[in-house]
Amino acid sequence: MIRIEDVSLRHGQTQILHDIWLTIPKGGITALVGPNGAGKSSLLSLIARLQPLQAGRISVDSFPVDTTPSRDLARILAILRQDSIVTSRLRVRELVGFGRFPHGRGRLTPDDYAIIDQSLQQFDLTDLSDRFIETLSGGQRQRALVAMAFAQGTDYLLLDEPLNNLDMFFARELMRSLRRIADENGKTIVIVLHDINQASAHADRIVAMKSGRIVADGTPSDLLTPKTLQAVFGFQMRVETFDDMPVVLHFR
Amino acid sequence: MSIAATKQASKTGWVAGLTLAVLFVFSLCVGVDDMPIIRLFSDGRALELLLVSRLPRTLAAILTGAGLAIAGLIMQTLARNRYVEPSTAGTAQSAELGILLVTLLLPSASLLFKSLAASAAALLGTSLFLMTAHRLPPTQPFLVPLFGLVYGGVIGAAVTFVAWQADLLQYLSVWTNGDFSGVLRGRYELLWLGALMVVVAWMVADRLTIMALGRDASIGLGLDHARMLQLGLIIVSVISALSVVVVGMIPFVGLVVPNIVSRLMGDNMRGTLPTVAVSGAILVLGCDILGRLIRYPYEIPVGTVMGCVGGLIFLWLLFRRPSHV
Amino acid sequence: MPDRRLLCLAGAALLCIVAFMTIGLRGNIGFVLALRAIKLAALLQVSVSIAVSTVIFQTVTNNRILTPSIMGLDALYLFGQILLVFLLGGLGYAALDAQLKFGGEIIVLMALATGLLLPMLRRRTDMGLMLLAGIIFGILFRSLNSLLARLIDPNDFAVVQGASFANFNDVRTDLLAFAAILTIAGIVIAWRARHVLDVMALGADTATGLGISWSRNVTGLLLLVSALVAVSTALVGPVAFFGLLVVALAERLVDTRSHAALMPAAMLTAVIILVGGQTLFQHGLGSSSTLGVVIEFVGGFAFLVLLVFGSRK
Chain A
1 MIRIEDVSLR
11 HGQTQILHDI
21 WLTIPKGGIT
31 ALVGPNGAGK
41 SSLLSLIARL
51 QPLQAGRISV
61 DSFPVDTTPS
71 RDLARILAIL
81 RQDSIVTSRL
91 RVRELVGFGR
101 FPHGRGRLTP
111 DDYAIIDQSL
121 QQFDLTDLSD
131 RFIETLSGGQ
141 RQRALVAMAF
151 AQGTDYLLLD
161 EPLNNLDMFF
171 ARELMRSLRR
181 IADENGKTIV
191 IVLHDINQAS
201 AHADRIVAMK
211 SGRIVADGTP
221 SDLLTPKTLQ
231 AVFGFQMRVE
241 TFDDMPVVLH
251 FR
Chain B
1 MSIAATKQAS
11 KTGWVAGLTL
21 AVLFVFSLCV
31 GVDDMPIIRL
41 FSDGRALELL
51 LVSRLPRTLA
61 AILTGAGLAI
71 AGLIMQTLAR
81 NRYVEPSTAG
91 TAQSAELGIL
101 LVTLLLPSAS
111 LLFKSLAASA
121 AALLGTSLFL
131 MTAHRLPPTQ
141 PFLVPLFGLV
151 YGGVIGAAVT
161 FVAWQADLLQ
171 YLSVWTNGDF
181 SGVLRGRYEL
191 LWLGALMVVV
201 AWMVADRLTI
211 MALGRDASIG
221 LGLDHARMLQ
231 LGLIIVSVIS
241 ALSVVVVGMI
251 PFVGLVVPNI
261 VSRLMGDNMR
271 GTLPTVAVSG
281 AILVLGCDIL
291 GRLIRYPYEI
301 PVGTVMGCVG
311 GLIFLWLLFR
321 RPSHV
Chain C
1 MPDRRLLCLA
11 GAALLCIVAF
21 MTIGLRGNIG
31 FVLALRAIKL
41 AALLQVSVSI
51 AVSTVIFQTV
61 TNNRILTPSI
71 MGLDALYLFG
81 QILLVFLLGG
91 LGYAALDAQL
101 KFGGEIIVLM
111 ALATGLLLPM
121 LRRRTDMGLM
131 LLAGIIFGIL
141 FRSLNSLLAR
151 LIDPNDFAVV
161 QGASFANFND
171 VRTDLLAFAA
181 ILTIAGIVIA
191 WRARHVLDVM
201 ALGADTATGL
211 GISWSRNVTG
221 LLLLVSALVA
231 VSTALVGPVA
241 FFGLLVVALA
251 ERLVDTRSHA
261 ALMPAAMLTA
271 VIILVGGQTL
281 FQHGLGSSST
291 LGVVIEFVGG
301 FAFLVLLVFG
311 SRK
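Residue numbers (the numbering used here), protein chains in the order written: chain A, 1 to 252; chain B, 1 to 325; chain C, 1 to 313.
Read the hints as simulated data drawn from the structure, not as lab findings. Careful: at least some of the hints might be erroneous.
Unchecked claim - Examples of chain B residues toward chain A, derived with CB under 10 Å: (1) K11; (2) T103; (3) R207; (4) I210; (5) G220; (6) G222; (7) N268; (8) G271.
The beta-carbon is built from N, C-alpha and C at its ideal position, and this holds for glycine as well.
Next up, chain A with everything else stripped away, as it sits in the complex (with noise of 0.2 Å):
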């Protein structure tokens, strides 16, 4: 469970993150959406200690973030950033065996090789196994570090827009493997979403933030209604339901 107590942010004059209560049980995929600037990846951020807690409680499996040992969370928790760039020359393969360095410092146990063959056929990484990062195309980049953070075997994953730079195809591909993850390893998944139908079609719970606080929070069918969506994002929206799916018509 990650447990999200009055945490605030603030850079120099910004309030970044309002007074944040929220709880996030174990097990399932948890959305957050929300208008640039609400702040979802400066709390996603937080949760990861990527940034130091200024004030408020964060814990995961109530190890609180901001004390425990770095290396004792990345056995319990890994975190995708928005936008990460490998600049190292380095082969999809290496890559996600740095995502067991917690496990072993470095050194690679047979279970170790296990999981990363297990993390590259997951995510469709096999053939491009030994090629290095910089020859592949910006969406198989991104699959080889969604792998990476996979490989790392914890509980919690965050993701932040993992699905930037990925076509249709993978795109829905890689929010597949994250449903299949969290339904078979009983993963917990938060991500950050652009795409409010992906969160639809694939999130148990969406979380709505906007500048800075949390606006709504539900289930799909429950929080994706004209009125929620236009009290988040600021216009009128058509909201249709499919096959029991919510689907938000927001182009026109």
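Put chains B and C on the given structure of chain A with help from the hints.
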């Protein structure tokens, strides 16, 4: 790493090792005083020459080369930029400033103490460089080396100014232009400390590779990013300072060697670090031998030779780099 | 109100010139005045040629942090010089007529500079890459210089030595007349091109769209820049950051990039700094030889500040 890649890597390693061995023997034989290896055991003077001058000189070149190449590699990891190295980012110039100040204030200080002061100054100068470099926009990767070059230039100007005022300009060229011709037994041994730093770097190779993925990724993997940064800084500063103090600065080694090795073998430092060290040794020893031969029996300092050879290699690296990277 | 600011600058520059000529006059006044006038002429030429060449270079390369000497042009000039000594031998070199030699060196520099820079500008290479390459060229040429210097006879070396530092105190007065012709011609050409330069500052594509023949103009302007660099390097030696400092200051003073205002402002700023600084150091601080180092230091700092804060916008 796949089998093919491993084979390729170990082949590169073998070639590098063998080349170094050949150069090592060659370097023992080349010098003003003609000394065929055969006479070594019949002629006591020849043996003396070997032990007092040739061997220390050769070892100094190898140690310096390996150290500078590794320092460059780590510097590039810390700055997350392929185009920086100690001599072009203010590290060497800061070390010069440190040793210059010690020479002025405590003329009788020992070489070890001077090295320490130089290391401390280098640490300070490099930290300042990295702090500022991290503020530059990552979308323009050439700004960082540019900043480093001018930053080094400004510190260098300060060094020149102080040296000029104190009438120490001749001393200065000893530190600013690498030259092995003065290396004798008893005057290069500090460089082994640099070798120690190389070993330390090799021990934390995996962490360095992760550092290169960026701050967020390394924290995400549970690495103590700040401490690794400090360790890296210390390694870079000590190696650069020792080179400056003992033989003088040699440009470009830390730049071209890691870049070429990265092209050939990638950036997984567990695998590439030894090759980087050996290749650095080859380059410096090779340039030193070249400097001894070009205008035999006069010698050309290795720093000058390297400025030409390394500069050409670097330009070649810059312009043949494929545009998509 | 660039006009009034220009007038103020002109006034200040004039003041510096008068101060330079008159402060501390002693002894044979006529002789001293003549001596100072020659030196003043040299300083003025250096100021003007550095200012103009930097402005043009920044416009052509569309970058505010480039100067000809950051791109290694002055190191290239010294390289050409040593190359001539190497090819002709010290005696042959020394036997040459100074002005002829100077002309030859300028032609060598123009050829080398256009040969190196034009391909990069033609291909519209990424600016950062070009900058880095230029600095490496600088280091490379300095190394080549010292390599060649060691290859040639020590006696020959003495002919070219002592040229690695800018020294505003010890100017080559024998080249003054010839250099003056070049400088004045350069100013005239640059002034007449001021409107073309304004358009070129918009970038290659826009300028071409507005009917400017881009590569022909770039070639011509580069030739002009290398000639001006040769003048200043020949007179006082290499100065890396002076041009940058001057143009950055001038741009802030007149607050425009219009060449009709910027070029005169840069020239006047250069005169104020160089002549004023020389006066100050000569009479106030008593050590005129360090002006070069101080200017480099301040200019280098200006560069760093521009880089860190200018790129964050």
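List, from low to high, the hint numbers that the structure doesn't satisfy. 1 and 2
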